[in-house]
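Visitor: In case you want the letters, here they are:
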Amino acid sequence: MQKEIIIKNYLPPFASVLLIILLWQISVMLLDIESWFLPSPVNIIAELINSYKILFEHSLITLFEIIIGLVISILISLVISSLIFWFKSFEKTIYPLLITSQIIPVFTLAPILIVWFGTGLFSKVIIIVLFTFFPLVINLVTAIKNVDIDMIRMFNSHGSTKLQMYKKLYIPSILPNFLSGCKIACVISVIGAVIGEWIGSSSGLGWVMKISGPQFQTSRVFASIVCLSIIAILLFFIVVSIEKKLLRRYPL
Amino acid sequence: MIKIKNINFNFYHEKILSEINLNISSGEFVSVIGPSGCGKSTLLNIIAGITKPKTGEILVEGKMVNLGDKISYMQQKDLLLPWRNVSRNAGLGLEIKGFSESYIQDKISLYSKDFGLEKYLDYMPHELSGGLRQRVAFLRSVIVDNPIMLLDEPLGSLDAITKSTLHEWLMKVFSKFSKTIILVTHDIDEAILLANRVVVMATNPGRIIKEYLIDRQIVDNRDVTSNYFIQLKKDIIKDLSI
Numbered sequence: 048m049q050k051e052i053i054i055k056n057y058l059p060p061f062a063s064v065l066l067i068i069l070l071w072q073i074s075v076m077l078l079d080i081e082s083w084f085l086p087s088p089v090n091i092i093a094e095l096i097n098s099y100k101i102l103f104e105h106s107l108i109t110l111f112e113i114i115i116g117l118v119i120s121i122l123i124s125l126v127i128s129s130l131i132f133w134f135k136s137f138e139k140t141i142y143p144l145l146i147t148s149q150i151i152p153v154f155t156l157a158p159i160l161i162v163w164f165g166t167g168l169f170s171k172v173i174i175i176v177l178f179t180f181f182p183l184v185i186n187l188v189t190a191i192k193n194v195d196i197d198m199i200r201m202f203n204s205h206g207s208t209k210l211q212m213y214k215k216l217y218i219p220s221i222l223p224n225f226l227s228g229c230k231i232a233c234v235i236s237v238i239g240a241v242i243g244e245w246i247g248s249s250s251g252l253g254w255v256m257k258i259s260g261p262q263f264q265t266s267r268v269f270a271s272i273v274c275l276s277i278i279a280i281l282l283f284f285i286v287v288s289i290e291k292k293l294l295r296r297y298p299l
Numbered sequence: 006m007i008k009i010k011n012i013n014f015n016f017y018h019e020k021i022l023s024e025i026n027l028n029i030s031s032g033e034f035v036s037v038i039g040p041s042g043c044g045k046s047t048l049l050n051i052i053a054g055i056t057k058p059k060t061g062e063i064l065v066e067g068k069m070v071n072l073g074d075k076i077s078y079m080q081q082k083d084l085l086l087p088w089r090n091v092s093r094n095a096g097l098g099l100e101i102k103g104f105s106e107s108y109i110q111d112k113i114s115l116y117s118k119d120f121g122l123e124k125y126l127d128y129m130p131h132e133l134s135g136g137l138r139q140r141v142a143f144l145r146s147v148i149v150d151n152p153i154m155l156l157d158e159p160l161g162s163l164d165a166i167t168k169s170t171l172h173e174w175l176m177k178v179f180s181k182f183s184k185t186i187i188l189v190t191h192d193i194d195e196a197i198l199l200a201n202r203v204v205v206m207a208t209n210p211g212r213i214i215k216e217y218l219i220d221r222q223i224v225d226n227r228d229v230t231s232n233y234f235i236q237l238k239k240d241i242i243k244d245l246s247i
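Those protein sequence lines, which keep their order, are chains U and D.
Here our numbering is used: the first residue of the first sequence is 48, the next is one more, and so on.
Here our numbering is used: the first residue of the second sequence is 6, the next is one more, and so on.
What the hints contain is simulated information worked out from the structure, not anything from laboratory work.
Be a bit skeptical, because a hint or two may be false.
[Said to hold, decoys possible] In silico BS3-like cross-links for lysine-lysine, where the CA-CA straight-line distance does not exceed 25 Å:
1. D:75 / U:215
2. U:214 / D:75
3. U:292 / U:214
4. D:10 / U:214
5. U:135 / D:59
6. D:10 / D:59
7. U:215 / U:292
8. U:215 / D:112
9. D:82 / U:214
10. D:82 / D:124
11. D:57 / U:192
12. D:68 / D:124
13. D:102 / U:214
14. D:82 / D:57
15. D:102 / D:75
16. D:57 / U:135
17. U:55 / U:257
18. D:57 / D:8
19. U:215 / D:8
20. D:57 / D:75
21. D:102 / U:209
22. D:102 / U:215
23. D:177 / D:238
24. D:75 / D:59
25. D:75 / U:209
26. D:82 / U:209
27. D:239 / D:181
28. U:192 / D:10
29. U:209 / D:57
Working from the sequences, and respecting the hints, build out all of it.
Guide: Listed below in structure tokens is the structure:
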């Protein structure tokens, strides 16, 4: 039974990825495409094996930036959403700023941030935060606003304090939305890290991609993309497992 | 016990409740019936202290009361928290009042038998039927030991058979725990079957137009085909259609 469920859940996505890789390999071989133009999956795997030291080292740097950026984003979103709960008027103050922060493309801000904060960790973390805090905040604010008014009345009728209501009603109510926001943030944090590293850095997978491209080391660019994908998938599944643990008693 | 004095309530410029005056004695069961939009639920919100009236006051034993102090309020939806099991949902009111976990558990064990919930204490709300969920909501309201209970169509969403079973059970439970109850309902049968007094409200603006004292000795045999019951129902329907 367990085996059947695993096959049913995991076989279709695994098979589709395998099919794409297979088609890619066959196309490269049949069309005789040069590996500097489009490396075959076999070339990329070979590059992953040959350059594992460099890739691993720079993956750790990128992962470190992403984790710091995500933690800051989560803290910012929790503070903003809590302030909106405690002070209703704060929402009106902060919302225009939140929207403005998303209207300006972060890519255009990146060079300015490099000028201001240099090419160290800080500028990259800021770019990751700018990318990731918005979905987190929006998910949390929406969840806070969607708490059932009758539930609030029920708590009030029991003489609940605002702190009790926050702990016993709001936090559990917004938890599913918060975790959904975290999943989105995990995936897009990788984009933020690459942009930061691309524009001004001397380390990280974005930098590896930046210097490998002009040298026609296309296999290494693809190998870096594979590493970035693994980081994103890893972070996503960490949140999924936390979600499963925390929400195991929720009706789904 | 409860004195509802000159309650007026406006929603923006619209008058929702006009000059509501009602005295309810200790242990009395009062049903409030009226057409949709006559302000029945607003009246309960005001009595519970959730909504402030434009004018007037609610006194319990001569005093104004704080939220949750003497009054339990049960709304139409069971409002069970989906992430808590039956036991933790039932104990929510006591938890808010600051009682210890062991006291809450002891009290739930004591009450759960009367509520037919002793088998379900570890169940999650989504694992329960509508009738059982409603019992948990009743338990949450009763267990806090407030002398007054406000019920806003608590059985409104249930089917007729479950409703009828719960009527009988409710009568037993409420007589055992001797509460003063105000029930808002759309259902005339329910209003007569459960209450000592039926208060009829009219709309535009919401106001009390009539009160009927119920002869419990006649109604207690639950014969809805008796002449007394039918006549009473006819009178109330006539009042409601004015």
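Visitor: Each hint should be assessed against the structure and marked as holding or not.
Guide: Tested hints:
no., hint, in the structure
1, D:75 / U:215, "holds, 22 Å"
2, U:214 / D:75, "holds, 24 Å"
3, U:292 / U:214, "holds, 19 Å"
4, D:10 / U:214, "violated, 36 Å"
5, U:135 / D:59, "holds, 24 Å"
6, D:10 / D:59, "holds, 12 Å"
7, U:215 / U:292, "holds, 18 Å"
8, U:215 / D:112, "holds, 20 Å"
9, D:82 / U:214, "holds, 22 Å"
10, D:82 / D:124, "holds, 23 Å"
11, D:57 / U:192, "holds, 23 Å"
12, D:68 / D:124, "violated, 40 Å"
13, D:102 / U:214, "holds, 14 Å"
14, D:82 / D:57, "holds, 22 Å"
15, D:102 / D:75, "holds, 12 Å"
16, D:57 / U:135, "holds, 20 Å"
17, U:55 / U:257, "violated, 40 Å"
18, D:57 / D:8, "holds, 16 Å"
19, U:215 / D:8, "violated, 33 Å"
20, D:57 / D:75, "holds, 17 Å"
21, D:102 / U:209, "holds, 13 Å"
22, D:102 / U:215, "holds, 13 Å"
23, D:177 / D:238, "holds, 23 Å"
24, D:75 / D:59, "holds, 22 Å"
25, D:75 / U:209, "holds, 20 Å"
26, D:82 / U:209, "holds, 22 Å"
27, D:239 / D:181, "violated, 31 Å"
28, U:192 / D:10, "violated, 35 Å"
29, U:209 / D:57, "holds, 18 Å"
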